[in-house]
Amino acid sequence: MLKKEDIIHIAELARIGLKEDEIEKYQRELSLILDYFKKLDTVDTDNIEPIGHITGINSVLREDVSQASDDDVKDGIVKNFPQTVNNKVKVKSVL
Amino acid sequence: MIKEIHENLKNGKITSLDLTKNYFENIKKKDGEILAYLTLDEEGALKKAQEVDDKIKKGEEIDLLAGIPMAVKDNMCVKGTRTTAASKILDNYIAPYDATAIKRIKKSDAVMLGKTNMDEFAMGASTETSAYQITKNPLDTSRVPGGSSGGSAAAVAGDMAVYALGSDTGGSIRQPASFCGLVGLKPTYGRVSRHGLMAMASSFDQIGPIAHNAEDAAIVLSRIAGRDKKDATTAQSGGKFYENFLQGTVKGMKIGVPKEYFGSELNEEIRKISFAALEKFKAMGAELVELEIPHNEYALPIYYILVPSEVSSNMARFDGIRYGLSVDDGEQSKIGGGTLLETYLDSREIGFGDEVKRRIMLGTYALSAGYYDAYYKKAQKVRRLLRQDFEKAFEKVDVIFSPTAPEVAFKIGEKILDPLQMYLSDIYTITANLIGAPAISFPIGKLNKDGVDLPVGGQLMGKWFGEEELLNAVYTFEKN
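Same order as they appear, the protein sequences are chains A and B. Each residue of the first sequence is one higher than the one before, counting from 1 in our numbering. Each residue of the second sequence is one higher than the one before, counting from 1 in our numbering.
Among the hints, a few may not be true.
Using 30 Å as the maximum straight-line C-alpha spacing, the simulated DSBU-like pairs for lysine-lysine come out as follows [claimed, not checked]:
| id | chain 1 | residue 1 | chain 2 | residue 2 |
| --- | --- | --- | --- | --- |
| 1 | B | K230 | A | K74 |
| 2 | A | K79 | B | K229 |
| 3 | A | K39 | B | K259 |
| 4 | A | K79 | B | K106 |
| 5 | B | K463 | A | K39 |
| 6 | A | K74 | B | K106 |
| 7 | B | K3 | A | K39 |
| 8 | B | K30 | A | K3 |
| 9 | A | K74 | B | K377 |
| 10 | B | K3 | B | K88 |
| 11 | A | K25 | B | K280 |
| 12 | A | K90 | B | K230 |
| 13 | A | K79 | B | K377 |
| 14 | B | K88 | A | K88 |
| 15 | B | K88 | A | K90 |
| 16 | B | K88 | A | K74 |
| 17 | B | K251 | B | K88 |
| 18 | B | K229 | A | K88 |
| 19 | A | K25 | B | K377 |
| 20 | B | K282 | B | K3 |
| 21 | B | K88 | A | K79 |
| 22 | B | K463 | A | K92 |
| 23 | A | K4 | B | K107 |
| 24 | B | K396 | A | K39 |
Hints were generated in silico from the structure; no laboratory data involved.
In isolation and in its complexed conformation, chain A is listed as follows:
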């Protein structure tokens, strides 16, 4: 069973605020699902490469040139910003 501290740590990494009563719920639910994953321990995967792209496509490249968006697309993106200053997204100070 996952410990209380584990849940608090995961929630911190995931940037999700937690209520006190949710911690126990996650302990129970996540532990149950993680137990179910144990089944994989029985598969022999020595010398097996983890799969990358499922249909085998490799590194698709294009020329490194910027392409302008249409003005209405730009406006649409700006309108979705929760807070704007002069058409730019306003972010809280990081430091």
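With chain A's structure known, arrange chain B on it following the hints.
Frame of chain A, contents of chain B only:
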């Protein structure tokens, strides 16, 4: 259905405007109870319908989908339209551009009626995790329509759209199609562009049609498929006009029947209906081949490690800064000071529902330091072994048959409190997403529950980029 409507539009028996108005009347009559739609665009739809009627009047050539009313799952961006993925975190989000699939369907002059309800960010199998409403199955309103594309399936089954677009990460097109008695196709990974589809698990997601029959699904797939520079994972080879591959015969087709799919845990009645469908294929000239998929039993654990891992990464963009819900009023404040971190924590705590949070937590754990090798890497290795099982199987057979779901539509509320039970609904459908292969669900029979005949879905999985074979098999099944 689409071809018939197209003919009637062309020869002037009906107009697109009347047809579209009829569909809106039906929506107004029924959707108060069914709750398939989240947003309607009556003005835009009527305008498009008029445009198509004008084209017809002028004698212009129109596409098969022109003027035909359809619906779109609410995780696809439609420019200028509210697009929420059924989440509160995107309650006020207006898509600034069209998804590639939408751009293509618009090029065909399709009439888009509105955006359909779904499980929040497509995480669920019943449409009950929507932050807005619980969609009901039009065939029995005490039951779920399936999910996550439940609104799309309910709209088509309730005659509130001729067809709909859905997305499928582990069965989200096929299982609702099965629960609502429709045809649902998940294309090969890379067949349809994911640009503008809100990502759930990027190595699994595909857009596809939910329709009344195989021909309609083929027509829709032809319009949305093909290479897209904006999705580097789309295949180099373009799409096809899939409707031209419906030959109406399956003579000589080899159908694989994996014994793992018909174990003792399968519901006896669904087993009977499945075997009856296989007998019908046999009578039509197909050959049945027994198969073994040794790593099949690991499909569900692999899926529920990899998908939450990709989910936790994709959901990181919802941070309360760039779009959507932003909680920085300090009322939730636990750490105080109105910091950036506080905005992240509060916006995501309030904006996401239970299932989304559960998967983000699970994925974050699986990817966190010290556990990556044990979970994610291990799962990607077993995923390769599973794919190899199917590569071998497809040397022997053309398609593989199973039920779509281990059950018919279940009751609203029956599973929502038990995540693991809900995950088991996907047992037959997740494999196609894990190996990237195409799969189709189609009605194979009915099961009576509490006096109502509920549809049972069969699934055919096909070779990579072999959608035409699946569509032809279902088309032939329908005609016989």
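Evaluation of the provided hints:
With a C-alpha separation of about 17 Å, the suggested pairing of K230(B) with K74(A) holds against the 30 Å cut-off. Note on K79(A) and K229(B): the hinted pairing holds, with a Cα-Cα distance of about 26 Å set against a maximum of 30 Å. Between K39(A) and K259(B), the direct Cα distance comes to roughly 20 Å. Compliance with the 30 Å bound is thereby established for this hinted pair. As the CA atoms of K79(A) and K106(B) are separated by approximately 24 Å, the hinted pair is consistent with the 30 Å bound.
Distance restraint check for K463(B) and K39(A): the Cα-Cα separation of roughly 28 Å lies within the 30 Å cut-off, and the hinted pair is therefore satisfied. With a C-alpha separation of about 21 Å, the suggested pair K74(A) and K106(B) falls inside the 30 Å cut-off, and the hint holds. With a C-alpha separation of about 49 Å, the suggested pairing of K3(B) with K39(A) is violated against the 30 Å cut-off. For the hint pairing K30(B) with K3(A), the CA-to-CA distance comes to about 48 Å; that exceeds 30 Å, so the pair is violated.
Using a Cα cut-off of 30 Å, the hinted pair K74(A) and K377(B) is violated, with the two alpha carbons roughly 39 Å apart. With a C-alpha separation of about 39 Å, the suggested pairing of K3(B) with K88(B) is violated against the 30 Å cut-off. Restraint check for K25(A) and K280(B): not satisfied, since their Cα atoms lie roughly 48 Å apart, outside the 30 Å limit. Restraint check for K90(A) and K230(B): the C-alpha separation of about 28 Å stays at or below 30 Å, so the hint holds.
Annotation: proposed proximity of K79(A) to K377(B) is violated, straight-line Cα distance about 40 Å (limit 30 Å). Between K88(B) and K88(A) the CA atoms are separated by roughly 24 Å; this keeps the pair inside 30 Å, and the hint holds. Straight-line distance between C-alpha atoms of K88(B) and K90(A) comes to about 21 Å, which keeps the hinted pair within the 30 Å bound. For the given pair, K88(B) sits about 24 Å from K74(A) by alpha-carbon distance, which is consistent with the 30 Å threshold.
Taking the CA atoms of K251(B) and K88(B), the gap is about 51 Å. The hint is violated against a cut of 30 Å. For a cut-off of 30 Å, the pair hint linking K229(B) to K88(A) stands: about 28 Å separates their Cα positions. Between the alpha carbons of K25(A) and K377(B) the distance comes to roughly 27 Å, so the proposed pair stays at or under 30 Å and holds. Taking the CA atoms of K282(B) and K3(B), the gap is about 29 Å. The hint holds against a cut of 30 Å.
A threshold of 30 Å between alpha carbons decides the hint, and for K88(B) with K79(A) the separation of about 18 Å falls inside it, so the pair holds. Between K463(B) and K92(A) the alpha-carbon distance is near 50 Å, which puts this suggested pair outside the 30 Å criterion. Straight-line distance between C-alpha atoms of K4(A) and K107(B) comes to about 54 Å, which puts the hinted pair past the 30 Å bound. About 29 Å separates the Cα atoms of K396(B) and K39(A), which keeps this hinted pair within 30 Å; it holds.
In the structure shown, a violation is registered for the earlier hints numbered 7, 8, 9, 10, 11, 13, 17, 22 and 23, in ascending order.
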